[in-house]
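Q: Read off the chains here:
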Amino acid sequence: MIITKAEAGHVYDIDRVRADFPILARPVRGRPLVYLDNSASAQKPQVVIDAESFVYETEYANINRGLYYLSERATERYEASRRTVQHFINAKHSREVIFTRNTTESINLVAASYGRRFLQPGDEIIISGLEHHSNIVPWQLLRDERGIVIKVVPVADNGEVSAEAVAALLGPRTKLVSVAHVSNVLGTILPVADIIRQAHAVGAKVLIDGAQAVMHLPVDVQELDADFYAFSSHKIYGPTGVGVLYGKEELLNAMPPYQGGGDMIHTVTFEKSTWAELPAKFEAGTPAIAQVAALATAIDYVSKLGLAAIAAHEADLLAYATQSLQEIPGLRIFGTVPHKAAVVSFALESAHPHDIAQVLDNSGVAIRAGHHCAQPLMERFDVPALARASFGLYNTRAEVDALVAAVRKVEELFGQ
Amino acid sequence: MNDDLRDLYQEVILDHGRHPRNRRIIEDANHHAHGENPLCGDKLMVFLKVNAAGVIDDVSFEGKGCAISTASASLMTEVVVGKTQKQAEDLFAAFHALTTGGEPPVLPEDLEDDFDRLCVLAGVRDYPVRVKCATLAWHTLEAAMHDAQKVTTE
Ligand SMILES: Cc1ncc(COP(=O)(O)O)c(C=O)c1O
Numbered sequence: 126m127i128i129t130k131a132e133a134g135h136v137y138d139i140d141r142v143r144a145d146f147p148i149l150a151r152p153v154r155g156r157p158l159v160y161l162d163n164s165a166s167a168q169k170p171q172v173v174i175d176a177e178s179f180v181y182e183t184e185y186a187n188i189n190r191g192l193y194y195l196s197e198r199a200t201e202r203y204e205a206s207r208r209t210v211q212h213f214i215n216a217k218h219s220r221e222v223i224f225t226r227n228t229t230e231s232i233n234l235v236a237a238s239y240g241r242r243f244l245q246p247g248d249e250i251i252i253s254g255l256e257h258h259s260n261i262v263p264w265q266l267l268r269d270e271r272g273i274v275i276k277v278v279p280v281a282d283n284g285e286v287s288a289e290a291v292a293a294l295l296g297p298r299t300k301l302v303s304v305a306h307v308s309n310v311l312g313t314i315l316p317v318a319d320i321i322r323q324a325h326a327v328g329a330k331v332l333i334d335g336a337q338a339v340m341h342l343p344v345d346v347q348e349l350d351a352d353f354y355a356f357s358s359h360k361i362y363g364p365t366g367v368g369v370l371y372g373k374e375e376l377l378n379a380m381p382p383y384q385g386g387g388d389m390i391h392t393v394t395f396e397k398s399t400w401a402e403l404p405a406k407f408e409a410g411t412p413a414i415a416q417v418a419a420l421a422t423a424i425d426y427v428s429k430l431g432l433a434a435i436a437a438h439e440a441d442l443l444a445y446a447t448q449s450l451q452e453i454p455g456l457r458i459f460g461t462v463p464h465k466a467a468v469v470s471f472a473l474e475s476a477h478p479h480d481i482a483q484v485l486d487n488s489g490v491a492i493r494a495g496h497h498c499a500q501p502l503m504e505r506f507d508v509p510a511l512a513r514a515s516f517g518l519y520n521t522r523a524e525v526d527a528l529v530a531a532v533r534k535v536e537e538l539f540g541q
Numbered sequence: 025m026n027d028d029l030r031d032l033y034q035e036v037i038l039d040h041g042r043h044p045r046n047r048r049i050i051e052d053a054n055h056h057a058h059g060e061n062p063l064c065g066d067k068l069m070v071f072l073k074v075n076a077a078g079v080i081d082d083v084s085f086e087g088k089g090c091a092i093s094t095a096s097a098s099l100m101t102e103v104v105v106g107k108t109q110k111q112a113e114d115l116f117a118a119f120h121a122l123t124t125g126g127e128p129p130v131l132p133e134d135l136e137d138d139f140d141r142l143c144v145l146a147g148v149r150d151y152p153v154r155v156k157c158a159t160l161a162w163h164t165l166e167a168a169m170h171d172a173q174k175v176t177t178e
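Residue numbers (our numbering), protein chains in the order written: chain H, 126 to 541; chain R, 25 to 178.
Hints are not guaranteed to be accurate.
Stated by the list, open to error - Mimicking DMTMM-like on lysine to aspartate or glutamate, the simulated pairs with C-alpha atoms at most 25 Å apart in a straight line are:
1) R:Lys88 - H:Asp425
2) R:Lys88 - H:Glu537
3) R:Lys88 - H:Asp507
4) H:Lys373 - H:Glu452
To be verified - These stretches of chain H come out as covered by chain R in the derived footprint (C-beta under 8 Å, 3 or more residues):
5) 266-276
6) 418-428
7) 495-505
In short, the hints are calculated from the structure, not lab data. Note that the coordinates shown come from a computational prediction; the quantities given were computed from them, not determined experimentally. For glycine and all other residues, C-beta sits at the position ideal for the given N, C-alpha and C.
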């Protein structure tokens, strides 16, 4: 078993961190909440909650419009948030950061705008077998409209998607590779740097779905040389309603707008409109102003703790949870690559994932059970559903113990 | 284990969940349907043999689901066998009300004992997402009786 520094004394003070998240103090079904569904959405620290209120209480107005103090302040804050995201993922320019509603919309934006403009019938898009539905369905819509071809990289038994497996599908007709950085079910971290290098060698562009990555590991879009990178605020301890699409400037410039409306135009006449410059071109309509501001606070919060410290803390939890769960007879873990994010999906011989989640809920332990928006992956492993515990920066070994004790209770109830 | 959980997972449910009755294919079924609960990935088939008088001579199900859906399917096959389709529908209506907390219809006296057997599943009322698990088999039965090919509980 891996013993990290985190075991001797946490790299950050976990009690203080937990105190930052008010919801963690509330009881659920009469017991302390053990929140282990962080991959679905993360809880919010008080500073993020306050940041959103602060905008409404002191500096709220629509942005990019009014020539008055409040609107200027709101616009400034909104743009400051864009710069925070820029630095967080090390984009070259802040105008390469587009605010969307979520990862799903970021991917749909690329499919609708880049895809419609640049993909021809017979062109190939490569995705992997572990993708979330949001990185499958937009390409199917495009396929049905455009006659493009979708190729799927197989997932190995341990959950790995290797760069070699991707390379095997690359060819002269490959125009786009769109893969997850981290699997929301298996925790697998994909070798995205290698994938991007190989794809670029055949002239294909690459979109990385970073929804499950940015809260677990440092991301540098320039070092990766990613063409597009998508993630959601709500999974990185920020508010709902905000997503990010990073795109290289020259690509975004070449792409047509995704939606038409206010804020994205330069001039409008009934004959013709001209588009605004980046990033406004892709931000039609009034955005989630207060939430975008609070996303910056969430990023600051995570950055202050340090992604390396968070990763070390979560690696300790993962190792501990994996070892403890494995000791339970009849329990099988899906996703066993050595280097993975703190996500443990499992099944029990004696009980359906739905029953597992129910019994765990009764002990105040919140996990997800279901297909995790990855039905093709469930089929790949021939399971109807899986139970999934996913860890965040505020989880503890004591919570792992609560999880394991609750799973043992499931065994007691359903096993013979 | 506390009482809430015991209310939901009564011994009868655990027993039917572990040892489902009538989980088999009826080769000469004259009705069947697929049911699916996309939320939990459960898939289920119900087979029926209905005779000329409209009486269910045989009923079975296939598929793997959670304890609630398996137990519900198993119990269902036990109570609807030998009933007319009309009686099966009456039981479903009563069961539906039981699990969703609705106003129960008045059942004919000869169905009361059967209905009592289904009451072990009343605990799902407190768990809205589990109601679909409990009713999946019944929805599928109804679809089979009406020869609809496929139902989903979403
Ligand atoms: C890998 C992955 N991609 C995309 C998404 C979609 O994120 P959102 O629902 O925020 O659009 C998720 C969310 O679970 C995810 O895990």
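Q: All hints, please: hold or fail.
A: Evaluated hints:
At roughly 46 Å between alpha-carbon atoms, R:Lys88 and H:Asp425 are farther apart than 25 Å, so this suggested pair is violated. Taking the CA atoms of R:Lys88 and H:Glu537, the gap is near 20 Å; set against the 25 Å cutoff, the hint holds. Restraint check: the Cα-Cα separation between R:Lys88 and H:Asp507 comes to about 12 Å, which is no more than 25 Å; the hinted pair holds. Restraint check: the Cα-Cα separation between H:Lys373 and H:Glu452 comes to about 47 Å, which exceeds 25 Å; the hinted pair is violated.
Taking a C-beta to C-beta cut-off of 8 Å, the stretch 266-276 of chain H contributes 0 residues in contact with chain R, too few for the three needed, and the coverage statement is violated. Interface restraint, the stretch 418-428 of chain H with chain R: violated (0 residues with C-beta to C-beta distance below 8 Å; minimum three). Counting residues of the stretch 495-505 of chain H whose CB lies closer than 8 Å to any CB of chain R gives 4, which reaches the minimum of 3, so the coverage claim holds.
Consistency with the previously given hints fails for numbers 1, 4, 5, 6, ordered from lowest to highest.
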